[in-house]
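S.K.: For reference, the chains in residue letters:
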Amino acid sequence: MSTLTARLSSRRTRTGSVDKVVLVFGTVCGFLILMAVFGPLLAPHPPSQTDILATSQGPSGQHLLGTDSLGRDILSRLLAGARLSFLGPGIIVVVSATAGTALAIAAAWHGGWLDRGLNRVLNVMFAVPGILVAVLAAAVFGAGFWAPVLALSLVYIPYVARVVRSAAVRERRMPYVEACELAGLSAWRICTRHILRNVFPIVMAQATIGFGSALMDFGATSFLGLGVQPPSAEWGLMVSDGRSELLDGALQQSLSAGALIVLTVVSFNIVGERLSSRIGASG
Amino acid sequence: MSVSPPDAAAGPSRGRRAASPVRLLAGAVGTVLAASFVIFSSLSVAPGDPVSQILGQKATDAQRAAMRTQLGLDDPLLVRYWHWLTGVVHGDFGTSLTYRQSVSGLLGPRILTTLALVVMSAVIILLVGVALGAFGGTSQRWRPVVNGVVGFGVAIPGFVAASVLISIFAVKLGWFPTYGAGSGFVDRIWHLTLPAVALSLGWTAYVAQMTAAAVKEEASREHVMTATGRGLPRQLVFRRHIMRNASIPVLTASGLTVAGLVAGSVVIESAFAVDGIGSLLIKSVSNKDYSVVTAISLLIVIVFVLVTTVIDFAQAALDPRLRDGGKV
Amino acid sequence: MTSDRLLSIEGLRVDLPSRSGSRERRTVIHDVTLSVDDGESVGLVGESGSGKSMTTKATMRLLPPGAKVSGGLTFRGESVLDYSRKELAAYRSRKVSMIYQDPRAHTNPLLTIGDFLVEGVVATGQMSRADALDQACALLVDVGVTDAERRMLQYPHQLSGGLLQRMMIVMALMPSPELILADEPTTALDVTVQSEVMAILAEQIRERSLGMLFITHDLDLAAAVTDTLAVMYAGVIVERGPSDEVYSKPRHPYTAALLKSRPSAVKVERLETIPGRPISAYEAGPGCVFAARCPFATEECREVRPALRQVGGRSVACHRAEDIASELFEGLSA
Chain U
1 MSTLTARLSS RRTRTGSVDK VVLVFGTVCG FLILMAVFGP LLAPHPPSQT DILATSQGPS
61 GQHLLGTDSL GRDILSRLLA GARLSFLGPG IIVVVSATAG TALAIAAAWH GGWLDRGLNR
121 VLNVMFAVPG ILVAVLAAAV FGAGFWAPVL ALSLVYIPYV ARVVRSAAVR ERRMPYVEAC
181 ELAGLSAWRI CTRHILRNVF PIVMAQATIG FGSALMDFGA TSFLGLGVQP PSAEWGLMVS
241 DGRSELLDGA LQQSLSAGAL IVLTVVSFNI VGERLSSRIG ASG
Chain E
284 MSVSPPDAAA GPSRGRRAAS PVRLLAGAVG TVLAASFVIF SSLSVAPGDP VSQILGQKAT
344 DAQRAAMRTQ LGLDDPLLVR YWHWLTGVVH GDFGTSLTYR QSVSGLLGPR ILTTLALVVM
404 SAVIILLVGV ALGAFGGTSQ RWRPVVNGVV GFGVAIPGFV AASVLISIFA VKLGWFPTYG
464 AGSGFVDRIW HLTLPAVALS LGWTAYVAQM TAAAVKEEAS REHVMTATGR GLPRQLVFRR
524 HIMRNASIPV LTASGLTVAG LVAGSVVIES AFAVDGIGSL LIKSVSNKDY SVVTAISLLI
584 VIVFVLVTTV IDFAQAALDP RLRDGGKV
Chain G
612 MTSDRLLSIE GLRVDLPSRS GSRERRTVIH DVTLSVDDGE SVGLVGESGS GKSMTTKATM
672 RLLPPGAKVS GGLTFRGESV LDYSRKELAA YRSRKVSMIY QDPRAHTNPL LTIGDFLVEG
732 VVATGQMSRA DALDQACALL VDVGVTDAER RMLQYPHQLS GGLLQRMMIV MALMPSPELI
792 LADEPTTALD VTVQSEVMAI LAEQIRERSL GMLFITHDLD LAAAVTDTLA VMYAGVIVER
852 GPSDEVYSKP RHPYTAALLK SRPSAVKVER LETIPGRPIS AYEAGPGCVF AARCPFATEE
912 CREVRPALRQ VGGRSVACHR AEDIASELFE GLSA
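Chains as they are written, first to last, in our numbering: chain U, 1 to 283; chain E, 284 to 611; chain G, 612 to 945.
No wet-lab data here; the hints were simulated from the structure.
Where is the CB? At the ideal position from N, CA and C, for every residue including glycine.
Just so you know, not all the hints are guaranteed correct.
As the list claims (entries may be wrong) - Have a look at the derived ranges for each label pair, beta carbon to beta carbon:
1) U:I279 with E:I337: 51 to 61 Å
2) E:I585 with U:A187: 54 to 64 Å
3) U:R120 with E:I585: 11 to 21 Å
4) E:L410 with G:Q737: 29 to 39 Å
5) U:R120 with E:T369: 52 to 62 Å
6) U:L185 with E:L410: 53 to 63 Å
7) E:I585 with U:L87: 27 to 37 Å
8) U:F200 with E:L360: 37 to 47 Å
9) E:S335 with U:F200: 44 to 54 Å
10) U:M174 with G:R740: 49 to 59 Å
11) U:I279 with G:S695: 44 to 54 Å
What the hints assert, rightly or not - Take a look, some chain E residues computed to stay more than 10 Å from chain U by CB distance:
12) A348
13) Y382
14) K455
15) G465
16) V469
Okay, chain U solo, but in the shape it has when bound (with noise of 0.2 Å):
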């Protein structure tokens, strides 16, 4: 991701400036990442450490920002939890995007029945609300990690599907893919090697904005109690934990995480759109 926002930034608009804005948010996303990777490591404190004698505690030396009702250190478990409230939205996005192209490409090849087909499941799909699904995958496979994530993957697909759908259809008419077919090339080569690598800067577009919809997602159902269970650290799960405090008028911990949360969000939508932007105005 980080290579991709810099190499996106460094190639020139057509006022002959650098994007700026592209190289800001990508590198805040690159630095997200970064934490997400780095960030158990970095963490000053264990994040599952409680301490009872040193239950929601203001911002100190000690603790940067304070502890919870458990005690535990707050800004390491933002930095420890980075990495869950990554892993995520990584997977649903990856899962979806990977499926949601296949589909698409193979629909857009084949045409006829299989592209009917699936734009009638597509739409049945777009008919069913996200959070709902992972509520019901919660009820059947249980509470945790994986439920929701399996559940968003699939709920993804279609988002992903529709758009490069569209694209793989146009990049199909091409005159380029019918001399391929002439010159014996099989479909399957055609598919990977020519339409997928035309398509490809679509569908990283439609992964860096799906990432911020799966994070929010994502972190809904840890925040329904029903994603990451305690006493893991993730941002949703976070922003539950602390609202207990807010009452008290301890507000760090709820808004440390939803702030990152929304910086997150904010980041990948941003640098998501412009790479959808400009992809469509390079055509």
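Got chain U sorted already, so can you dock chains E and G onto it with the hints?
M.R.: For chains E and G alone, coordinates are given in the frame of chain U:
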């Protein structure tokens, strides 16, 4: 929530055709039936044993077997689904194991609470979202500001908004209650204000985004130039030629919004401890009270499908090109 | 100043912002001078990108925001560029009407034809809705629409392009304007209905003795329906004069080249093409805009831009108009 670009594929299917009302309704009923079967069958394999929940751990094997037969648990899946479906058609959603009460009786008052929440949110979304979007779409000077606000708004999940609102308006300022749905009309509105704001925040931004894009696009159309070139007053051009045409995509976005609100109320009701069907769904999942889970899930799917179908009809009513089933 | 003129454009120059947000501007019209008298039809001829459509948009003050306009643009002696919002509304709604190239794009698809036709005069308080509907019906009959009442209840997508353009003509005539601006009114139509629509438009203009500024890329068509021709290239008027004279005896190399490059209806032969590609106004250098493609160009032509001057009873912007006159006629008489 992501804003999808307009389908640019210019193919034989480009000409959007309005399906006949009969086909639309048949499609809606089909979707609901398919969804209900998926919900019912997946919950039937969910862990948990209703028999021990009813009889407790001390029941004898004979008692258990009798109860299983009474509940029809040993029947094949399709038979159980059929029994459940015929019951639903007659308004019988089964019995809640936790509350020892009929599911329909349990849902009744809670539906009203959720409905009040959704309606309040929808009003906020339409008023603020459309106004903000129309403003951002017209004023070149303010467009970047509106875009910024809106881009920030769509990134705030409801449960984060809930925490922020509670900490500011309930705890610090004490203007609104923290939890509960209240009783009586005014008290209920007072109680539901913060939840409605939290629920509507992201969707308001989304509708504003869609409205701004639609207004901007419609304003650049040639026929708007015709209207301006005829010396029509600016407000009339804006109302009749820009907003009216932009209302079609805005309506589509708003419809999705209303459907999304019903699903979003699951999170918001839990955050504010509002006793509606959303929080009941989460409680029932924890309690493994599956007849309630099935009923509420079905209800949410029905609302979703209903709204989508209504939008299809409304689009045809607004756009003469769809009315004729002609090409766009 | 020729203040009694219906429309008078003097040294019009238009610069547009090249991209939203940037300060750079690009010139789309360098220097346009032309006039339209009462009852006169003036043809403005040029290739695409020559700035002819921009001229009509400037006349209606319909240029995109950020456009910079300089020069004189007067209607009956009043400066259109200095109109207040109220005066501008009156000018647009009562004095001048515009007919656009693509009637489908220029009509709101959600309004009925009837609403479209009467909207202008009703909204600006010139007529009651009932009167306007009556007048629209009468005008529809004038332009050869037989089932006027049924048509008024239909939507644009239900009408053919030719029929829709006739609706445009009716729309333009509704407020009884004094001047019609017609921007390639037949170009977007099927070839089979082009001449019919053109005939209807010309007839209506003649019957009402309205002034018309007729924009086209088709020199033959313009010569056939107008009294005066102005030939435009890269944002500059290069030749202007009575239609039949300009058409039969061009004085500017560009006009001559345009005439030579038309296919003939009676002879099959290889056409003479104009060497080089047409340039846009912002690409023009300091000299004559046509110098790069002109077979007669000299050093002076490339350095100094020629102004319009009187040569042989018309205005020509060419340094060598007198020297090359006989050469220009060659090959045309055939």
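S.K.: Look at each hint and say if it fits the structure.
M.R.: So, going through the hints one by one against the coordinates:
no., hint, verdict
1, U:I279 with E:I337: 51 to 61 Å, "holds, 58 Å"
2, E:I585 with U:A187: 54 to 64 Å, "violated, 41 Å"
3, U:R120 with E:I585: 11 to 21 Å, "holds, 19 Å"
4, E:L410 with G:Q737: 29 to 39 Å, "holds, 36 Å"
5, U:R120 with E:T369: 52 to 62 Å, "violated, 27 Å"
6, U:L185 with E:L410: 53 to 63 Å, "holds, 56 Å"
7, E:I585 with U:L87: 27 to 37 Å, "holds, 35 Å"
8, U:F200 with E:L360: 37 to 47 Å, "holds, 42 Å"
9, E:S335 with U:F200: 44 to 54 Å, "holds, 53 Å"
10, U:M174 with G:R740: 49 to 59 Å, "holds, 52 Å"
11, U:I279 with G:S695: 44 to 54 Å, "holds, 45 Å"
12, A348, "holds, 26 Å"
13, Y382, "holds, 17 Å"
14, K455, "violated, 8 Å"
15, G465, "holds, 18 Å"
16, V469, "holds, 24 Å"
In the structure shown, a violation is registered for the earlier hints numbered 2, 5 and 14, in ascending order.
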